[in-house]
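Those protein sequence lines, which keep their order, are chains A and B. One point on numbering: in the numbering used here, the residue at position 59 of the first sequence is 59, and numbering is uninterrupted. Take the position in the second sequence, starting the count at 1, then add 306; the result is the number in the numbering used here.
By construction, these hints were calculated from the structure, which means they are not laboratory data. The reader is advised that the hints may include incorrect statements.
[As the list claims (entries may be wrong)] Just some of the chain A residues that point at chain B, by a computed CB distance under 10 angstroms:
1. E111
2. F197
3. S273
4. Y277
[Unchecked claim] In silico DSS-like links for lysine-lysine, alpha-carbon gap of 25 angstroms or less:
5. A:K67 x A:K85
6. A:K190 x A:K109
7. B:K349 x B:K316
8. A:K28 x A:K67
9. A:K122 x A:K4
10. B:K445 x B:K427
11. A:K10 x B:K512
12. A:K10 x A:K37
13. A:K67 x A:K4
14. A:K109 x B:K520
15. A:K85 x A:K10
16. A:K150 x A:K67
17. A:K157 x B:K520
18. A:K190 x B:K346
19. B:K346 x B:K427
20. A:K190 x B:K445
21. A:K28 x A:K4
22. A:K109 x B:K512
23. B:K427 x A:K10
The beta carbon of each residue, even a glycine, is placed where N, CA and C say it ideally should be.
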Amino acid sequence: MLGKSVTAIKNFSAAEIRSVLDAAYKFKQIIKRGGEKKLSNLRGKAIVNLFYEPSTRTRTSFELAGKYLGADVVSINSGTSSIVKGESLRDTLRTIEAMGVDAIVMRHKAEGAADFATQVVKPVIINAGDGAHAHPSQALLDLFTIEQRKGRLAGLKVAIVGDILHSRVARSDVYAMTRMGMEVRLAGFKTLLPRFFDFDGVTVYESLDDAIKGVDVINVLRIQLERQQAGLFPSTREYARVFGINDERLKLAADNVLILHPGPQNKGLEISSEVTYCERSAIQDQVQNGVAIRMALLDLTLGGDA
Amino acid sequence: MNQTWQFQNKFQSLLIRGGRVLDPANDFDGAADVLIVDGKIVKVAPDINYSAQIEYDATGKLVTPGLIDMHVHFREPGQEAKEDFLSGAKAAAAGGFTTVATMPNTSPVVDNAALVRAMVKRAEDVGLVNIKIIGAVTKAQQGQELAEMRDMIAAGAVAFSDDGHFDANAKIFLNALDYLHGTGKVIICHEEETELVAGGVMNEGKRSALLGLKGRPTVAEDIAVARDVLLAEYTGGRVHIAHISSARAVDIVREGKRRGVKVTAEVTPQHLTMTDDLVNPADASTKINPPLRTQADCDACLTGLLDGTIDAIVTDHSPHAPEEKDREYIYAPSGFPGLETSVGVLLTELYHTGKVDLRTLISKMTAEPAQVFGLDAGTLSVGAAADVTIIDTELAWTVDAKNFYTRGSHSPFVGRELKGRAVATIVRDNLMTLNQM
């Protein structure tokens, strides 16, 4: 994977996914053991985080991942850069490239922005989310979290529930999970499901109860409040009642069902507080695993040797 | 291959020798010479004996009435970074077109007689090809108040359109049809129901579902076409469906025609030959409204073209400045240039594959659009203005934006290897030719 840009998980083979997960196990040990975390794998490398959208966990975890590996990391926020002066994406990327960086981690509202970047500049591009298209590191950390808690991936049943239509997480998870032999179910109000979604190994449900029956994992997606204003559902109250994940509903799933959420959560809307903080919830693990996965991605693509 | 054109070669008399003359308006297809004197067709017959100032050897070539494209965006006034009348006219001539009609979605919108007169004058000054002016249906194309269409007709407008926008207010649109009744002028309708396509950048389908790009569903086009066919029927007015792209919409037009509704339709080369599978979110070249659809939609458009449901082929030539298209898919403007690729794409994808005969293709770019819009063009009749296109159907070439005369550079046809193109375009007393040295 040396020198490879990471724009979408659909470009990853099962073997490549495996190698990222294996590397992440190693880095997770280093994070967990405490004490000195700083490695020298990427010493002398420079990484720029170019975020056109707000983000807490993804940006911070990429930043820490780069720093733990010994790279120099700079984060650019669109609000405080020449982007607000109307600079085009091409020119911003070329400007960053000219400063001698080795990788650009990019979050952007526009689907395809990371792929566009790979055509424009030479540094490794890591997509940290492009619109509703892809979020490869999220899919990898979801797999990593599931494997750590369940001991395996192949054969598990996963329900991804909520706003599938606007979700780059769902569009990345379906590739990642089916490639690793998992059975994927998507569930949402029909207004929040893409029409014509046609994917081998993925079944689409309009009923939450049907979708989560017997599943091993539920990935609860964030519901943005503006979806209600856009008329996609009538009220947050009704959403919570019909499609919210709560203790009562979890009885339909497998006994040890694992709960994921990419964050940030709307408590009481798509997920209840009890579920968020219960022992079946792996939401905190996801955050820690996110750093390990991002270390793995940066290390494998930027050519450190651990 | 050299793809430059010679745009200036004035003559008093020109004899086009040895070609296959295909003139659907006169139901003529055969070997013949064409004699032009003082800007008019004087004779079409085999072995004309005449000592002309210029003889053009058209052996092995197709000689047709000058091609017509009733849907182009030449961006004047106000958007000259995208195109102007001169760059557009050169692109038209280099594509084999002798008559084009410009859409009024400019800055400002061409929505009054003064602007129509100014653009008619500008067209005359530029020359090269016949540039016709289409006026707006509503003031500033806002869909709220009727524009002064009778004044614009007097100033030379050939048709009316709020192209780029669907006239969402059905009452205003009905009024427009009634208001134009009896003038013989047609309203060209951009058919995408506004709310259903808001924010959409590509066809809603399997591809958009996977890419996460917001879709523009076919049903948005279908209900718009259905409404306007019904309003045409109700008012007795004339509607012309712009760039039809959806299979169901083709059915609705066909059914309307069967009932005697005064509805006509046009289709573009891209909607006949390209699908949303080509959409790459990292390259906005394929972004256009209505969007590239599915193979079933392409097939339905082709069927409609062959069975007479669709009357005309247009390019919807919509150039943008390169830097406008060279950006994120969702932010790039819709549209791409088409004048210089149309003939090549149609011949390669439809004629050489045996899907459409030459006569139908040429008819849809000459006789039929001339009839729909009441133009004095599209024929090689004796006495007609000498607008003639000479096509080499076998000439192989590769589309390279560097050779475009249009200011637009981003087209999904760039890089295509095509077979066939116009090699000479004659407008009255001027012979424009592809340099083949």
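Evaluation of the provided hints:
With a least beta-carbon distance of about 5 angstroms to chain B, the hint placing E111 of chain A at the interface is held under the 10 angstroms criterion. Evaluation of the F197 of chain A hint against chain B yields a held restraint, the C-beta minimum of about 4 angstroms falling below 10 angstroms. Hint status for S273 of chain A: violated, given a least beta-carbon distance of 30 angstroms to chain B, over 10 angstroms. Using the Cβ-Cβ criterion of 10 angstroms, the hint placing Y277 of chain A at the interface with chain B is not satisfied: the shortest such distance is roughly 31 angstroms.
This hinted pair does not check out: K67 of chain A and K85 of chain A have alpha carbons roughly 30 angstroms apart, beyond 25 angstroms. Our distance criterion of 25 angstroms between C-alpha atoms is met by K190 of chain A and K109 of chain A, whose separation comes to about 24 angstroms. Of the supplied pair hints, the one linking K349 of chain B and K316 of chain B holds, its CA atoms being roughly 19 angstroms apart against a limit of 25 angstroms. For the suggested pair K28 of chain A and K67 of chain A, the alpha carbons sit about 15 angstroms apart, so the restraint of at most 25 angstroms is met.
With a C-alpha separation of about 10 angstroms, the suggested pair K122 of chain A and K4 of chain A falls inside the 25 angstroms cut-off, and the hint holds. Between K445 of chain B and K427 of chain B the CA atoms are separated by roughly 22 angstroms; this keeps the pair inside 25 angstroms, and the hint holds. Under the criterion of a C-alpha separation no larger than 25 angstroms, the hint pairing K10 of chain A with K512 of chain B is consistent with the structure, at around 16 angstroms. For a cut-off of 25 angstroms, the pair hint linking K10 of chain A to K37 of chain A is broken: about 32 angstroms separates their Cα positions.
The hinted pair formed by K67 of chain A and K4 of chain A meets the criterion: a straight-line CA distance of about 20 angstroms does not exceed 25 angstroms. Restraint check: the Cα-Cα separation between K109 of chain A and K520 of chain B comes to about 12 angstroms, which is no more than 25 angstroms; the hinted pair holds. Only pairs whose Cα atoms come within 25 angstroms are accepted, and K85 of chain A paired with K10 of chain A is rejected, the gap being roughly 34 angstroms. Between the alpha carbons of K150 of chain A and K67 of chain A the distance comes to roughly 30 angstroms, so the proposed pair goes past 25 angstroms and is violated.
Taking the CA atoms of K157 of chain A and K520 of chain B, the gap is about 29 angstroms. The hint is violated against a cut of 25 angstroms. The straight-line distance between the Cα atoms of K190 of chain A and K346 of chain B is roughly 63 angstroms, outside the 25 angstroms bound, and the hint therefore fails. Distance hint between K346 of chain B and K427 of chain B is fulfilled; the C-alpha atoms sit about 22 angstroms from each other, no more than 25 angstroms. The straight-line distance between the Cα atoms of K190 of chain A and K445 of chain B is roughly 39 angstroms, outside the 25 angstroms bound, and the hint therefore fails.
The straight-line distance between the Cα atoms of K28 of chain A and K4 of chain A is roughly 22 angstroms, inside the 25 angstroms bound, and the hint therefore holds. The suggested pairing of K109 of chain A with K512 of chain B holds, with an alpha-carbon distance near 21 angstroms, which does not exceed 25 angstroms. Of the pairs offered as hints, the one joining K427 of chain B and K10 of chain A is violated, with about 55 angstroms between alpha carbons and a cut-off of 25 angstroms exceeded.
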